[in-house]
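A.B. asks: Sequence:
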Amino acid sequence: MHSESNKSPQNTIHKFESMLKTDDVYFFDAEDFEDIVHHYLNNGKILLSKKAVKLGLEQHPHSIELKLLQVELHVFEDEFEKALQLLEELESLEPLNEDLYIQKANICSKQDQHEEAVKLLEKALQIDDNNFDIHALIGMEYLFIDDYYHAKIHFLKCVEIDPTDYGSLYNLVYCFEFLNDQKGAIRFLNEFVEQNPYCEVAWHQLGKMYLDTSMLKEALVAFDFAIISDDRFVGAYFEKGRVLEKLHKYNEAIICYETTLEIDQPTAFAYLRMGQCHQKLNNLVLAKQYYYKTIHEDPLLDKGWIALTQLYFEQKNLVKAEEYIHKALNIDNNNPEYWKNAAVIYIENKDWHQADFAFRRCIDLGDLNKENWFNWILVLLHLKDYYELISVLERAIDLYPNEVDFTYLQAGVLSKTGHMTKSKHTFEKAWNTDPQKKSIVLEYFPEILNNAWAQPYFIPFDNSHQ
Numbered sequence: 004m005h006s007e008s009n010k011s012p013q014n015t016i017h018k019f020e021s022m023l024k025t026d027d028v029y030f031f032d033a034e035d036f037e038d039i040v041h042h043y044l045n046n047g048k049i050l051l052s053k054k055a056v057k058l059g060l061e062q063h064p065h066s067i068e069l070k071l072l073q074v075e076l077h078v079f080e081d082e083f084e085k086a087l088q089l090l091e092e093l094e095s096l097e098p099l100n101e102d103l104y105i106q107k108a109n110i111c112s113k114q115d116q117h118e119e120a121v122k123l124l125e126k127a128l129q130i131d132d133n134n135f136d137i138h139a140l141i142g143m144e145y146l147f148i149d150d151y152y153h154a155k156i157h158f159l160k161c162v163e164i165d166p167t168d169y170g171s172l173y174n175l176v177y178c179f180e181f182l183n184d185q186k187g188a189i190r191f192l193n194e195f196v197e198q199n200p201y202c203e204v205a206w207h208q209l210g211k212m213y214l215d216t217s218m219l220k221e222a223l224v225a226f227d228f229a230i231i232s233d234d235r236f237v238g239a240y241f242e243k244g245r246v247l248e249k250l251h252k253y254n255e256a257i258i259c260y261e262t263t264l265e266i267d268q269p270t271a272f273a274y275l276r277m278g279q280c281h282q283k284l285n286n287l288v289l290a291k292q293y294y295y296k297t298i299h300e301d302p303l304l305d306k307g308w309i310a311l312t313q314l315y316f317e318q319k320n321l322v323k324a325e326e327y328i329h330k331a332l333n334i335d336n337n338n339p340e341y342w343k344n345a346a347v348i349y350i351e352n353k354d355w356h357q358a359d360f361a362f363r364r365c366i367d368l369g370d371l372n373k374e375n376w377f378n379w380i381l382v383l384l385h386l387k388d389y390y391e392l393i394s395v396l397e398r399a400i401d402l403y404p405n406e407v408d409f410t411y412l413q414a415g416v417l418s419k420t421g422h423m424t425k426s427k428h429t430f431e432k433a434w435n436t437d438p439q440k441k442s443i444v445l446e447y448f449p450e451i452l453n454n455a456w457a458q459p460y461f462i463p464f465d466n467s468h469q
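Just so you know, our numbering puts the end of the sequence shown at 469, numbered straight through with nothing missing.
Worth double-checking, as some hints may not be accurate.
[What the hints assert, rightly or not] Keeping only pairs whose Cα atoms sit at most 25 angstroms apart, straight-line, the calculated DMTMM-like set for lysine to aspartate or glutamate is:
{"hint": "1", "residue 1": "Lys283", "residue 2": "Asp305"}
{"hint": "2", "residue 1": "Lys186", "residue 2": "Glu197"}
{"hint": "3", "residue 1": "Lys85", "residue 2": "Asp132"}
{"hint": "4", "residue 1": "Lys427", "residue 2": "Asp370"}
{"hint": "5", "residue 1": "Lys252", "residue 2": "Asp267"}
{"hint": "6", "residue 1": "Lys283", "residue 2": "Glu351"}
{"hint": "7", "residue 1": "Lys54", "residue 2": "Asp81"}
{"hint": "8", "residue 1": "Lys330", "residue 2": "Asp354"}
{"hint": "9", "residue 1": "Lys319", "residue 2": "Glu340"}
{"hint": "10", "residue 1": "Lys283", "residue 2": "Glu248"}
{"hint": "11", "residue 1": "Lys425", "residue 2": "Glu446"}
If you are wondering where the hints come from, they were derived from the structure by calculation, not from laboratory data.
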């Protein structure tokens, strides 16, 4: 056996791999074996990790750290019983080793036993109550069970121990958001930046909180401080641009988005925001250019295709508008807003069958807005699909029982399809609710005046319909 002492991790890995290729056996310190195992774990080389643990334990059979790594490998391969058995043995040797409880908690967490995981991690805290890693793990377990209140407590402890633990800072703000405690988040972040005035992450989060609560001037100040703390912080420039848009300062917003392109690789989102700013400024040629840059950068960003759709629709270029709404729908076929846009384009093209299909999809996908129902009804009137119209009107009235226009139209279509008694009762119901709106039935079903029962209701309209 050869003794090897080399402090370079890469040299240690090289020597270990050389040993595996020969019959020689080299001696390594236990710490060297730990480094070797961690190296292979970090690179996803599980078989080599297992070999390193096996050889390490042959040379250092009493190494607790190597045995803990063996536990970690068992857990990775879902060999929970083997892992727990080994942990029990280790606990009898070192009952005050917090890593044992952390590994047990990890096993419980993987089996969705999150409350039990918390109990084990609390035991680890009793051994080392100032370990922010343990607090972070407890916080995550509480997140798994949607207990944001207790998760917040532990993430707060993490950032108290280590103000540079940005992962916990993000999770803490996340908890405030889910607790709908924006004021609490703003208060905490203001206190945090007083103690850490150059923490760009905290300023950025504070700005986002102000933005979410429509405190736009305060948000602008916070994002400016984030940029002062790190003048290459792309996220801060982007969020500042969003605030400036809300303040209708579109030229300044464009400058912010341009800065993100100078600092980092171009993004479709930046191009999209720039296009929308130019459109607000009525710079339609530039807007179109940036929208095309958006879809070139990311052809699967549906919002880019939608932006082009709306721009061409406003310019009455229905061919292009229809082409691009199809692109958006190919990306997200279950977006009711896109189907609504498609329906409006089809109406302009007088493509009533496609408009019917689009409104049906829009409503089936959950956009039950009254305007959508009314427009769908008008499309069915153009198609003269009266029996389908009866069904659609029944659904619309179920949702909007007080919308008397729907009831008047129902009376008209019932008359059109020969259901005279039902038509009369339906009309009277609408009349008793709002007689002033009766003209809608004449607009779409003037032949209702052929019914003797209807004529007395329209005496003021007789001359215009003779």
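A.B. asks: Now look at each hint and say whether the structure bears it out.
C.D. replies: For each hint, the structure was consulted:
1. Lys283 x Asp305: Status holds; Cα separation ~20 angstroms.
2. Lys186 x Glu197: holds, 17 angstroms
3. Lys85 x Asp132: violated, 29 angstroms
4. Lys427 x Asp370: Not OK: Lys427 and Asp370 at ~31 angstroms, beyond 25 angstroms, violated.
5. Lys252 x Asp267: holds, 23 angstroms
6. Lys283 x Glu351: holds, 24 angstroms
7. Lys54 x Asp81: Distance of about 18 angstroms is within 25 angstroms: holds.
8. Lys330 x Asp354: holds, 18 angstroms
9. Lys319 x Glu340: Holds, at about 20 angstroms.
10. Lys283 x Glu248: Measuring from Cα to Cα gives roughly 9 angstroms; hence the hint holds.
11. Lys425 x Glu446: Distance of about 20 angstroms is within 25 angstroms: holds.
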